Amino acid sequence: MEKILLLAHTQADGSLPKAAYESLNAALTLATDLGGAAVTVGLIGADVQAAADSITACGATNILAVSGEDFAASRYSTDTVAVEALVKEAAPTLVLAPTSSRFSRCLPGAAYRCDGRIETHIADIKVNDGAVQVQRWYYRQRMVATLARAQRPWFLVVDSGVFEPWQGTAGSAEVQALEVAIGDDCRRTKVIGVQTPDSDTQTIRPEAEVLFVAGAGWTKKQPDGQVHIKKAEELILGFINSGKASLGSSKSLVDQSSEGGEVISFMSHLNQVGQTGSTPRHPKGLATCCHGEEPHTVGWRFIGERRAISLDPNCGWAQGKADVLYVADAFEVIAKVNALLA
Amino acid sequence: MSIDRQMMEVDIACVGFGPATAGFLHTLSQAMTAEDGSILLESKVMPGMPLQVVCYERADDIGFGVSGVVTRGRALRESLPGLDPAQIPMAAPVKEERVLYLKDPLGKSHRSSGVKMLDSLFGLLGVKDHAVKLPYIPPFLCKEDGLVLSIGQFSQWIGNQLIGSGLVQVWPGMPVSEPLLEEDRVVGIRLADQGVERDGTPGPGYMPGMDIRAALTVVGDGPVGPVGQKLDEHFGLPEGNHQDEWAGGMKFVVELPEDCTLQPGFVLHTLGYPEPEIFGFLYVYPDRIAALGIFVPSWLDSPVRSSYRLLQHWMQHPAIWKHLKGGTLRSWGAKSLQESGQRGEPVLVGDGFARIGEGSGSTNVLTGSGVDEAWATGVQLAEGLIQLAKEDEPYSHANLERTYLGRRRNSWVEDDARIAKQARNGFTRGMIPGLLGMALSGLTNGRFNLGGAFRRPWQRIPAFKDYFSERLTAQEIDTIVEDCRQQGKPPFEPLMDKLGWPPIEYDGQLLISHQDALLIGGKVQAAHGFADHVSFVDPSVCDDCESQICVAMCSGQAISASEGGGVPQFDREKCIHCGICMWNCTNGRVDNPLRSNVSFAAGSGGLHSAEN
Amino acid sequence: MSGGFHIVVCGSLVPDPLQTLEPIEGPTGPALKNEMMLPAVLDPWAGHALFEAAELAKNVPDSKVWLVSLGPKAKLQQLMMSIAQKVSFELVAIDGSAGGFTDPFDVAATLADAIGKIDGLDRSKLLLFGGCASASRDSGVTMQMVAERLDIVDQFLAVDKLTVGDDGVLEILERIEAGQYQASSCDGAPAMLGWATGSLPEPPNNPQVGMMNMRTVMPALQRAQAAQVGIGGVQYAAVELPKQRRETRVVNDTPAEEIAQEIVDWLKA
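Chains as they are written, first to last, in numbering that gives the first Met the number 0: chain C, 0 to 341; chain P, 0 to 611; chain F, 0 to 268.
Hints are all accurate, no fakes.
Here are the simulated BS3-like pairs of lysine-lysine, each with C-alpha atoms no more than 25 Å apart in a straight line:
| id | chain 1 | residue 1 | chain 2 | residue 2 |
| --- | --- | --- | --- | --- |
| 1 | P | K324 | F | K242 |
| 2 | C | K243 | F | K267 |
| 3 | C | K220 | P | K488 |
| 4 | F | K267 | C | K335 |
| 5 | C | K125 | F | K242 |
| 6 | F | K124 | C | K189 |
| 7 | P | K132 | P | K324 |
| 8 | F | K267 | C | K17 |
| 9 | F | K242 | F | K32 |
| 10 | C | K283 | F | K242 |
| 11 | F | K267 | C | K283 |
| 12 | C | K189 | F | K160 |
| 13 | P | K324 | F | K32 |
| 14 | P | K488 | C | K219 |
No lab work stands behind these hints, which were simulated from the structure alone.
Only a predicted model underlies this, so the values are computations on that prediction, with no experimental measurement involved.
Using the sequences plus the hints, can you model the full thing?
Shown next, in the form of structure tokens:
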């Protein structure tokens with residue numbers, strides 16, 4: 000019988016991120032599908048009580064925790080020790096965890112220490128003939144595989160946005176704290192802090208309803224023969240702010256900076272979606288001034304409803320990829336959209 | 000401004016890695032060391048080491064974006080005894096060869112009365128699927144004992160062996176901009192500048208192209224290579240020679256439908272459709288893969304050339320489509336073919352340089368064979384150098400003439416080229432005289448030939464109103480041309496539509512838009528930091544250009560019309576370096592009658608496909 | 000700082016992103032159709048790691064860069080002809096599959112073993128570099144397991160910037176959620192850095208660098224040991240191309256006002 004450990008870490012304010020509730024739901028569903036497998040929750044953070052309280056009604060067998068100041072920050076050396084301790088205590092066959100920068104960094108090494116195996120970017124978990132099967136993408140979202148493993152413990156890092164978050168009443172949770180000793184060798188790395196972009200240029204919003212993809216066309220010559228970077232910036236920011244959208248960019252737009260071309264000042268490689276960028280999940284997506292082809296349009300893979308504005312009716316982002324293609328000048332259309340949204 | 004340019008010295012610098020350079024490097028590398036590892040050909044720049052030989056190739060990898068061929072493979076087999084096609088991906092021995100004369104099932108092609116007569120004559124032989132199988136293939140065209148090859152795969156196969164030997168270095172992704180000339184001596188090559196703006200001015204990360212100084216420069220950069228062009232500009236062509244005959248080859252690599260019965264090694268040549276002057280080919284590789292396509296010759300005197308549209312009509316000819324229907328596009332490509340053959344031969348050797356391969360006029364325009372001849376010229380040059388090394392003689396004009404050229408002139412390459420030299424004369428007068436001329440030259444071993452006066456490609460293109468005088472009114476033409484000019488579109492598609500060519504009904508697999516073909520089969524990329532390699536020399540000429548044939552013929556849709564007319568736009572990231580724009584332009588240069596208004600220089604990037 | 004770094008970059012080939020990929024069932028598990036024929040490029044994130052490594056080595060005296068590549072020997076050779084022109088490194092080649100369906104656990108063991116055998120490598124100076132994920136398996140787990148096997152407990156993922164202080168302390172910016180960076184410091188080598196895009200443009204092709212690298216690249220390829228890396232204990236039930244074609248409604252010749260209204264209605268729906 001499988002035994003499940005759900006791992007989660009707290010955020011700076013002691014709460015759990017949305018993705019943790021999604022993974023919890025995944026773990027509970029899986030447990031049910033397996034005919035009632037036991038679920039243990041393992042929490043990591045400076046103080047995990049509030050987080051534990053928020054999920055106390057989930058039906059987990061028990062809640063374990065590794066907490067304290069050493070585990071406040073996201074750091075490989077201490078996080079792996081924490082995970083190792085939780086796995087040792089819970090002795091699970093399956094370890095589920097949400098995708099986060101913190102877990103992406105530490106879980107592979109932790110899995111190795113536990114003589115386990117790990118799969119990341121899990122897009123689905125099923126039970127087939129009593130066996131756990133997961134789905135994940137290969138070759139940058141260009142093919143999808145369904146797979147199983149015999150080795151245990153098996154770490155499954157679940158992509159955010161795949162499962163609905165678990166919802167339940169908060170209460171007072173009983174937390175079993177594990178004592179974990181941290182040596183000086185684990186303190187060679189010190190977390191200095193988080194660098195947040197200025198609020199008016201905060202353009203990446205994973206929770207946003209809409210992904211706005213800006214293509215290189217925004218920085219190309221317009222019908223009057225001139226480049227209008229300032230105007231483009233104004234329109235894009237206008238949409239991002241009034242439409243509460245997240246901003247993605249095509250590769251070619253970002254590449255222009257390394258070519259020394261004029262660029263949108265508030266966009267960087269971090270905004271890039273597609274082949275060498277991210278593949279975010281948003282319910283809706285609007286691509287503007289994009290051109291390009293298959294490997295780059297994988298940025299669209301996990302976008303629900305997709306629309307595109309392009310002057311090129313054969314736009315690779317649109318034909319066969321989007322639900323609607325508006326063959327029009329994005330400068331003109333977005334100006335009007337912004338006016339309507341204002 | 001003085002430029003701080005790095006310099007490197009080698010013994011031999013090669014430009015372009017195609018069949019000719021491969022043949023050269025293969026033969027040379029085999030003679031460089033003895034079995035016990037001792038050095039047989041010693042470097043002058045690094046005494047105690049074997050010859051230092053480098054080759055620079057523009058494409059991002061060796062074998063990217065070249066071509067599929069059928070070849071008798073005489074020279075290949077001589078160099079590679081025991082050559083087993085099964086060891087090379089996409090290669091097979093020729094099993095069956097057919098020539099089909101395609102009649103026009105739609106009645107939309109431009110058929111002269113002579114061609115119509117040919118339609119009737121061939122019709123007597125029995126028509127099936129609107130095509131006539133010719134009962135006889137003249138021996139000079141026959142490739143029965145040969146091979147079908149993907150030159151992309153072959154180049155990778157042989158290139159990997161060469162690189163793996165450690166005796167020669169082949170560097171892809173490195174365009175060569177020009178030869179280094181000191182008076183009439185070539186002392187090496189200059190690599191293309193990097194970190195420059197589109198117009199070539201230094202930008203961020205500017206790195207001036209390095210000078211590679213070499214005792215010998217081997218020029219194998221093909222028919223549109225910048226080093227070959229610069230040498231031609233410096234030395235001129237030998238008296239009486241010209242490079243006025245070209246063809247644009249465009250092809251698909253197709254996964255044939257599962258029920259296709261064509262066997263590996265099947266070779267089909269066609270003529271007659273979609274225009275009488277257009278030749279087609281279909282070569283079947285193992286695993287139900289085929290290379291197929293058409294050649295649009297410079298003597299197709301039509302101002303509405305668009306290889307892509309014409310190729311789609313050719314594929315749908317009933318005699319072809321019955322094999323292809325249900326197939327899927329795997330790859331796509333195009334290239335210029337220098338079809339003047341020996342007539343286009345440039346100055347082949349000089350102090351410090353030798354030219355090999357297609358750019359040296361080695362293609363045989365009668366037998367329709369180029370790869371084998373190119374390889375042979377590379378081998379001949381290598382043998383010449385080995386002789387010079389033994390004699391301890393320098394790479395002087397006289398020595399190269401005696402060793403390399405001596406071998407070339409006394410070989411089957413030269414014998415066959417002489418037969419072929421005047422075989423194309425008839426095409427200057429039209430399709431029928433062309434075919435008759437080829438037959439005459441071929442069947443009499445070149446003793447008898449038709450005459451003909453060659454014209455520059457741009458002197459051949461008639462105005463729309465002249466070409467369509469019998470089928471469209473002047474007003475209809477004016478309306479289409481003006482509408483297109485305003486919309487920034489070239490007029491060839493609307494004109495073909497107006498003539499009644501049916502629209503292509505896309506099936507999403509094989510019949511797909513040009514744009515989709517570029518995305519699915521084209522796989523084109525250009526590295527950052529290089530200058531545009533296509534430019535329009537005199538903008539005022541473009542302002543007055545009616546046909547915009549550079550746009551119509553651009554294989555990669557890299558050249559597009561500007562709204563309101565004028566100088567077309569060039570997008571380096573779409574260019575596949577076929578060079579067709581260079582010879583297709585309808586305008587010659589005032590200052591250089593050898594060249595058209597389109598300049599084609601050294602550039603980086605191109606196709607990323609070796610399935611060609 | 001004194002002594003310099005010994006920077007080992009793990010990176011191999013992936014199919015050229017422009018290629019059309021199709022999965023097939025091979026003799027030992029899933030594979031790509033025509034895998035050996037597909038043009039290949041250096042895995043993009045590993046490429047950034049390599050360029051960053053070269054730049055760091057240039058700036059910190061007495062540093063050295065090794066590139067450890069696991070891939071089919073013939074394909075590695077081809078790849079080297081492209082990347083060896085860009086930056087200086089010494090190649091450690093391992094002949095084996097570079098496919099996306101290989102098990103990262105096995106791959107990590109192979110890489111760690113090869114790194115452990117590098118002559119003259121000083122583990123106390125070791126900076127282990129790699130991509131934050133590969134463009135083939137796209138898992139983001141291999142580098143951590145390689146580092147674990149090499150007893151490196153200071154690890155960083157999705158790194159965009161590394162600054163080395165005069166005292167040898169590493170200051171590192173890692174990408175975290177919502178376009179933010181986590182800034183950390185680490186008391187010097189050894190450490191593992193899994194790079195995101197970094198901040199350097201792709202270096203130009205430099206023939207002299209190429210000539211220099213070739214002196215070690217070819218012997219390294221000739222020495223390459225075969226490694227058995229396969230799908231490990233994974234059972235693949237299916238590998239499929241997604242059904243990705245949508246019916247696209249094309250709106251032509253419509254005034255911008257109408258389009259804008261339609262988009263706003265859609266956004267608000």
